[in-house]
Amino acid sequence: MTFSPELEARFAKLLNSYPPGRQRSAVVPMLLYAQDEIGCVTQELVEEVAHRCGVTALQVDEVIGYYSMLHRKPLGKYHVQICTNIACQAVGAEDLWAHACKNLQLGNKEVSPDGLISLEEVECIGACAWAPAIQINYDFHHQVTPEKFDRLMQALADRTYSARPS
Amino acid sequence: MRYNEPSPLEQMIISYRFDLPNPASIDTYLANDGYVAIKKVLGMTPEAIIDELKVSSLRGRGGAGFPTGMKWSFVPRNTGKPTYVICNSDESEPGTCKDRLLMENDPHQLIEGMLIAGWTIKSNKGYIFIRGEYRYLIDIVDRAIAEAYQRGYLGKNILGSGWDFDLYTHTGAGAYECGEESALLESLEGKRGIPRLKPPFPAVVGAFQSPTILNNCETYSAIPWIFRNGGAAYAALGTPKNGGTRLVCVSGHVNKPGVYELPMGFNLLRIVNEVCGGVRNGKKLKAIIPGGSSSPVLRADECDIPYDFDSLAKAKTMAGSGGVVVLDEDTDIVAVALRTIKFYAHESCGWCIPCREGTNWLKKILSRYHEGFGDESDIDLIAELANNMLGRTFCALGDAAAMPTAGFVAKFRNEFEDYLKKSPRFQPAPELAVV
Amino acid sequence: MAEVINFTIDGQKLQAAPGTLVINAAKQAGISIPSFCYYDNLALQAACRMCLVEVEKTPKLQVACTLPVAEGMVVHTDTPQVHQARKSMVEFLLTNHPLDCPVCDKGGECELQDMAFRYGAGFSRFREAKIHVDEKQWSPVVYYDAPRCILCYRCVRICGEGLGVSALGIGNRGAMAEIVPNRGDHLECDECGACIDICPVGALTSGAYRYKTRPWEMEHVGTVCTHCSNGCKTTLGVRNGRIIRANNRDRSGVNGEFLCIKGRYGFDFYDHPDRLTTPLVRQGGELKPVSWAQALAVVAKRFTEIRARNGKFAVIGSNHTTNEENYQLQKFARQVLRTSNIDHHRTGDVATLLDALQGRASALASTADLVNAKAALVIDSDLAQEQPLLAFSLRFNWRINQGHVYAVTPGPVREDNYATTVRAEPGREFEQLQLLKDRLAAEPELVILFGAAIKGEDIRRLVAFGDSLGIPVKYVALVDYSNSRGASDMGLLPDLLPGYRPVSEAGLEPGLDYDQILAATDLNALWVVGANPLSRQPLASQDAFVVVQDLFLTETAQRADVVLPAFCAYEKNGTVTNVCGDVQKLTRGPKTMGPKPDLDIIALLAKEMREDLGPTKVADVFAEIRNRVHGYNLPLVVIESGGAAQAVPPNDRIQIQSRPEVVRSAGNTLYTSGTLGRYSPMLNSVLEAPGALYHDPHIAPFVAKGSVQVDTTEKYG
Ligand SMILES: Cc1cc2nc3c(=O)[nH]c(=O)nc-3n(C[C@H](O)[C@H](O)[C@H](O)COP(=O)(O)O)c2cc1C
Ligand code: SF4
Ligand code: FES
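If you read the protein sequences in the order shown, they are chains H, X and A. Read the first sequence against this note's numbering and you will find it ends at 192, with the numbers running on by one and no gaps. Read the second sequence against this note's numbering and you will find it ends at 1525, with the numbers running on by one and no gaps. Read the third sequence against this note's numbering and you will find it ends at 713, with the numbers running on by one and no gaps.
It should be emphasised that the hints constitute simulated quantities derived from the structure, not laboratory data. C-beta: ideal position from N, C-alpha, C; glycine also. Fair warning: there could be bad hints in the mix.
What the hints assert, rightly or not - Simulated DEER-style distance windows between Cβ atoms:
id, chain 1, residue 1, chain 2, residue 2, range
1, X, D1465, H, E136, 33 to 43 angstroms
2, H, Q131, A, E213, 53 to 63 angstroms
3, X, W1253, A, P55, 52 to 62 angstroms
4, A, V0, X, N1168, 26 to 36 angstroms
5, H, E34, X, D1254, 20 to 30 angstroms
6, H, E136, X, K1246, 45 to 55 angstroms
7, A, R247, H, T28, 43 to 53 angstroms
8, X, R1167, A, P440, 33 to 43 angstroms
As the list claims (entries may be wrong) - Straight-line C-alpha distance at most 20 angstroms; calculated PhoX-like pairs for lysine-lysine:
id, chain 1, residue 1, chain 2, residue 2
9, A, K56, X, K1404
10, X, K1374, X, K1501
11, X, K1454, A, K126
12, A, K56, X, K1288
13, X, K1406, A, K56
14, A, K603, A, K297
15, H, K39, X, K1246
16, X, K1432, A, K126
17, X, K1432, H, K135
18, A, K53, X, K1288
Work out the full structure: start from the sequences and follow the hints.
Dropping the structure here:
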């Protein structure tokens, strides 16, 4: 499989990070970083990672099933993750979630037909003091009201979204 | 950056650089006491370092509050195997968002803390395990690590000591259980985050089957200050056996939620009322979840209590990871209990029976209950199932799920009972007439 | 550390070695602590939490399966608190377990049922919807029903740790966690079925057995597998005279819990529709069914006739038939037919090894030695493919007893993953051996197992090499088929009588060997018992009268003038001798009608020719063997009770002409077993190429470089 030069450089660095003979350690980071580039974990990627880390495809499969950020089907270009855990719940995350489902016409882990947006209800993302919080891909957005949410979604649709955390 | 206004009541010893321009850069760090402690420590013996830590009464900020000095003293130093220093920045306990600030705003402080640990056990390699969702922090920390290499604080022959130390970031990929130290080590080795049998503890058999120091990000971040100012000074900030300050993450129904650095033993009610400007919208306080979602809830009348490990333990709950979730009088406790157990059911690794099946069953009962199809017997069943899990699971996640669940029922049984009155009761099918 | 630890369990004062786990210490004292995930000789899991016990002075219940005994420890295994905890574990387990016991294969022998019965979680408080996942078929023989799975990880461990195959893993997480196969939706493995056997519930079921019967409807017959030379003990589940399944239920015998695919599923050839059920006699160029009386009369008449005119006889015996049958067959050949032209397909050069050892009785390794020896060396065998139990045993020895394993093989072998292995082209094995010599000599003892490439003079060279190491060395000449060793011991050889006595003692000259028999143009009669020599080459002698005893109309049977349908080993009583010389008893399982045991056929034929061959019953023939055949005077109780006793070789030189050219390995793999394998639908349903698993292009490069770390402390994988 071929990856971008940046990703290859990252892999090379990764494989050097662990003690000799411990290249298996790179499995999780490699899968996650590659998924970010490819969009999901394909069978080809499984075999590639297995090969590079000196493990069996089954050992990679086991890992994929375990970690909730690794997925075998592509998500939207923008993966919108809404935390509804207790701190966010206390300040309206469940309403925000219902609002998001309704406005985006998407259920949990569904992808919009144009592939632009996918939606997921997630567990605590470490933004509890600035709740309700969401993540769009890896960007945090804090104190998200339904109005702020709609503005963000509009920006995604208009391609004016900027990745700066707010 | 900070995401909330600081409070004048704060005592900033590990967060004081957050407000400086360019806080994460090594120049800022060096201009503000940075890498002073490691220079001092390089002249100290491991015994002296550990003694100083013991004097500081620094306790682990990851959840269990284990005395850090004692933990380091368990690491055997002459097994012939390499040793490792691991930072737990998995930060997944609901209600907790402090490690994020420490890495974002002061990564060099963390690096220096880990260097001190590394020198103590003559380790040559360290890893910062950062949860996958914190991708932007990996970039920030990687940059800081690169700077530290450039200036000779990492790499070969650090500050002429003849000692080498390499530091790397390692990402998780979405699993609360990987915050549990042994599951974290499994994850670091490229496997499913299934906890390990203990003993042996990580201190003895940790990363790559070798002796390991493993601490929380905040724990490491406190260490440079301790060695600049002395263990006694640190201890004096807090209460007996609960040294120093801690980053308290206050969320929920307060006017000014945020992360605040407060001395250990600061009164919990004062945190709500004075630091955070009181319960929002003029509502009354109903309850506080004091130390992350795993800690049993406190009723409002129980909250006048010093915020430290021992005081909260005495109140049969825990200071845990420092996540304080404040709940006002309108809060639906059943809904909070349900959301809590949903989390644990989602995060149970599935290894052992009581946690895997118990969290899942509790989630189902509470869902049904929340939807209005509960009955009287469910309340006792919830309490009993939680008790059947407690102390019987493979790792502490099972306890972390059972404790709060049992706590909600014990402290707010009346709310569970009221629920039955106000909700559309499930009508059992009428008995069939016998013809 | 103290040599023994003193502690108390349920009031009994006990002692045990340091490190003994409470669960085992209790077991030794006759106290059973329940467990699902704890399993002897597999990694500790502490996952099922069934073994919780109370330990005085510890507040929480403790897990007996990982808790070592400590001085002064006081354990209670049956308090109300313990009982309550176990009951709650069963209750938890049953929440997502489908209560389909009435149709589950495991019903009646299910550990979960037993636990529910014992701890009385008979009332369900679980009112919610169960998680349902559809059952999956992973291979022709392995089915997995996730909802029934209790996640004890026994299957994952036996496959990974036990077999070294690692075809099973764990997928998903939490309540959705389940066992997953190594190829996404299917398994690529040895198909040994160990996972099915070890499963405490009905989560893994066998394609050969599922939904066929209830366990209590079967009779359980302990016998020996009929396929390879390793001689695994197997328990046939027989219902209404038919075999329903084979497993090793009581984990006894030389193989403990091991069985390979052939042992577990490969019995199905016995009721293949092509199985011969009546004798056939050639009439007008065609084989026609006739009665036994008619067929035997034809053979007796022709044999008598040919003998009367001093015609030339030859006999090819079997490496599948019992010792009793082989013994009587050679007696028939030598006494009745008065010929030395008798041989069998020699799959290893046993006789030369015995000669080279010159009666060093202790120099032949028994099957048990393989799990105890400090070191073993394999030469020229892909053990996991060809000698499955021996491969399992060596791995077990490495894993549990820290035994060292060395291998010199032409291609990659599974032992590469844990042993010191070197590659050697055929014929260059000795060069590689020289390189290993220092390391081998440093071992306290060694067992050398060698394949058919080492034969004739090479065996003497090998023994000389063994002697040069200066340490005690034992040998195993690897052979194929279930009674190759017995065929040799019982004198199915042209120059040796039973017990390797020279034929001259019987007043005979050495006769023709296997190849010479087939090549002879002047044979008048050929009698083939349980062999298929004509599958490789035609019979040179055009006019010979050919009698064949077999199960199927093989290439050889098609050439026969008379075909006599015989029983297979599962249908017989008798004894067989495995590759290490361990003698074990066969017990008749299914009641097949039509064919006869070869022993009876031989006796009937003798009777028809009015000859006295001595005893006719199995027990009586075996008594004669014990009396007359060197090395076979074995303790009857051991054999009668289903044990194994090693036959020791003669204590002087063997007068054998070395005929290395007739020694050929059958080249059987896990999925082949000569003729029997051809008629086994189950063996033929397995798609994988033999050995595919470790010829995997992705894994192989790492294996070859030896960079794959085998981490014995790993929990799984
Ligand atoms: C289920 C579970 C989750 C945990 N998650 C975290 C975590 O996210 N971050 C953390 O620092 N410690 C976490 N811990 C605690 C760690 O196991 C460990 O005690 C801690 O990292 C040790 O560091 P300390 O002594 O500095 O607190 C968790 C423990 C459990 C049982
Ligand atoms: S308590 Fe058991 S199932 Fe739960 S996370 Fe720990 S080991 Fe896994
Ligand atoms: S609870 Fe939502 S970010 Fe922590």
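### Task
Could you tell me which of the hints above the structure violates, numbers in ascending order?
3
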